[in-house]
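> Okay, here's what each chain looks like letter by letter:
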Amino acid sequence: MWVFVIFCLLVGLVLGFQLPVLLPLVYTKYMSIAVLAALDSVFGGIRAYMEESFDNVIFISGFFVNMLLAAGLAYMGDRLGVELYLAAVIVFGVRLFNNLGIIRRYLLKKH
Amino acid sequence: MKNKSAQISIALVCLVMGVLLAIQFKATENYQTDLIPERIDELTQKLNTVTQQRDALEEEVLSLRDKLINVRETDKAMKDLQDELQKVQMAAGTIPVEGPGVAVSLDDSTISIQPGDNANYSIIHDTDLLILVNELKASGAEAIAINGERITAMSEIRCAGTLILVNWTKIGPPFVIEAIGDPDMLQSGLMLNGGHLNTLKFLGLQTSVQKMENIKLQAYSGPMKITYAIPSQYQEKAE
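Chains as they are written, first to last, in our numbering: chain A, 17 to 127; chain B, 15 to 253.
Just chain A, with the same shape it has in the complex (with noise of 0.2 Å):
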C-alpha cells in the first residue's frame, strides 16, 4: 500500500515538474502555505488510517478546504497588512509535528 501512495506522489512531483507551469513569484507564498496545509492533511490522513479512524470525505474534503483556506488566509492577511501566514505556519507545522509523532509512535508499536 505505501509503495503505491509514494509511488502516486513520484508521479505527481514528476507530473508537476514537467507541466509548462511557473508560479508568479508573488504567489509563491501563499503556495507555499499550501503545501504545508496539504502535507499536514496527508499525514493526517496517514494518522487517521493507521488509527482506524480514517473518513474519506473528512480527509478530501479537509485537504483541499485546508489548503485553500491556508492561502486564502495569508492573502487576507498580506491585503489587511497582518501576516496570518505565520499563524498558519505555526498551526499547521505543530500539527504536522503531532502527526508525525503519533505515526512515528503507530509505527514503532506495530513492529
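Among the hints, erroneous ones may be present.
Stated by the list, open to error - Here are a few chain B residues that face chain A, going by a calculated C-beta distance under 8 Å:
no., residue
1, Ala20
2, Ile24
3, Leu35
4, Ala41
5, Thr58
6, Leu61
To be verified - Calculated from the model, a selection of chain A residues having no Cβ within reach of chain B, i.e. all distances over 12 Å:
no., residue
7, Leu26
8, Lys45
9, Ala50
10, Ala64
11, Val107
12, Gly109
13, Arg121
14, Tyr122
Hints listed in this document are in silico derivations from the structure and should not be mistaken for laboratory results. Don't be surprised by glycine CBs; every beta carbon is placed ideally from N, CA and C.
Use these hints to put chain B onto chain A, whose structure you have.
Chain B alone, transformed into the frame defined by chain A:
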C-alpha cells in the same frame, strides 16, 4: 474495502500534493530563495524610488543643458556687455584708470599786486580750469582729474568764493590737472599759441605742463543721481 478506498484517496491526494510540491519547487528554484516577498517589496520600492530619481535627474540634466546653452549664448553677450560697461565706466570716470598723459600745474601769480591792478588777473579761476579741461578733452584726453577729483560726465567746475568746487569738493591752489591720453598731443594742444595756458602765462600765473609716463587716476566715488533722465533711444534699440 475501507482500507482500499482510504489508500486510493491518500494516494490521489499524494498525487495532487506531488504536483503542488513540484510546482512550488520549480517556483522557488526559479526565483532565488533569498528573494522572500518582503525583500521583493523592499527592492520594488527601491527600484521605484531609484527610477523616479533617475527620471528627475534626467529632467535636471535637460534643464541644465538648456541653461548651459543659454549661458554660452549669453556669455558672449555678457562679455560684450562687460566690455561696453567698462568703456562707459571709464568715460564716466567711475573706475580708476591709469596710463600715460600730462600733468598741468597751475598756481596763483607770485607777482605782488600793484595798486590799480585787477586782482582777478592774478588768480586761477574756475573758468580757467574749465577752459583747460575743455582743451584737454579736445586734444584727446580720456580721463581727467583736478587735484585728484575725477572729472566725470556730470562733474561741475565752479567758483565757490575763494575756492573752486569740483564734484562738490572744494579745491584750492595749487592746481594739478592730470589727463590721460597721448602726452604729445595733450601737450601740444595745451601749448598752442593763443591757447588758454598761453594767456595764463602771459598774465603771470605759474603754469607748467609735464609729460607723464604713467598717471593713476582715482575713480569718482561720490553719488551719481540720475532722476529725470531715462533712456529712450537705447530702449528702442534694445528691443
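> Report holds or violated for the interface hint on Leu35 of chain B, using the least CB-CB distance to chain A and a cut-off of 8 Å.
holds (6 Å)
> Interface hint check: Ala41 of chain B, Cβ to nearest Cβ on chain A, cutoff 8 Å. Holds or violated?
Holds, about 4 Å.
> Would the least Cβ to Cβ distance between Gly109 of chain A and chain B come out above 12 Å?
Holds, since 16 Å exceeds 12 Å.
> Tell me if Thr58 of chain B is really an interface residue toward chain A, meaning its C-beta lies closer than 8 Å to one of theirs.
violated (10 Å)
> Just double-check Ala50 of chain A for me: nearest Cβ-Cβ distance to chain B has to come out over 12 Å.
For Ala50 of chain A, whose nearest Cβ neighbour in chain B is about 7 Å away, the distance does not exceed 12 Å, so it is violated.
> Decide, holds or violated, for the assertion that all CB atoms of chain B are farther than 12 Å from the CB of Val107 of chain A.
Label holds. Min Cβ-Cβ 18 Å, cutoff 12 Å.
> Hint Leu61 of chain B vs chain A: min CB-CB distance below 8 Å?
Hint violated; Leu61 of chain B Cβ to chain A Cβ min 14 Å, cut 8 Å.
> Answer holds if the nearest beta-carbon of chain A is closer than 8 Å to that of Ala20 of chain B; otherwise answer violated.
holds (5 Å)
> Run the C-beta distances from Ala64 of chain A to all of chain B and say if the shortest one exceeds 12 Å.
violated (8 Å)
> Quick one: work out the minimum CB distance from Lys45 of chain A to chain B and report holds if it exceeds 12 Å, violated otherwise.
violated (5 Å)
> Are all beta-carbon distances from Arg121 of chain A to chain B longer than 12 Å?
Its Cβ never comes within 12 Å of chain B, the nearest being 19 Å, so this holds.
> Is the interface hint for Ile24 of chain B satisfied, with its Cβ closer than 8 Å to some Cβ of chain A?
Nearest chain A Cβ about 5 Å off; hint holds.
Figure legend: structure checked against the earlier numbered hints; hints not met, in rising order: 5, 6, 7, 8, 9, 10.
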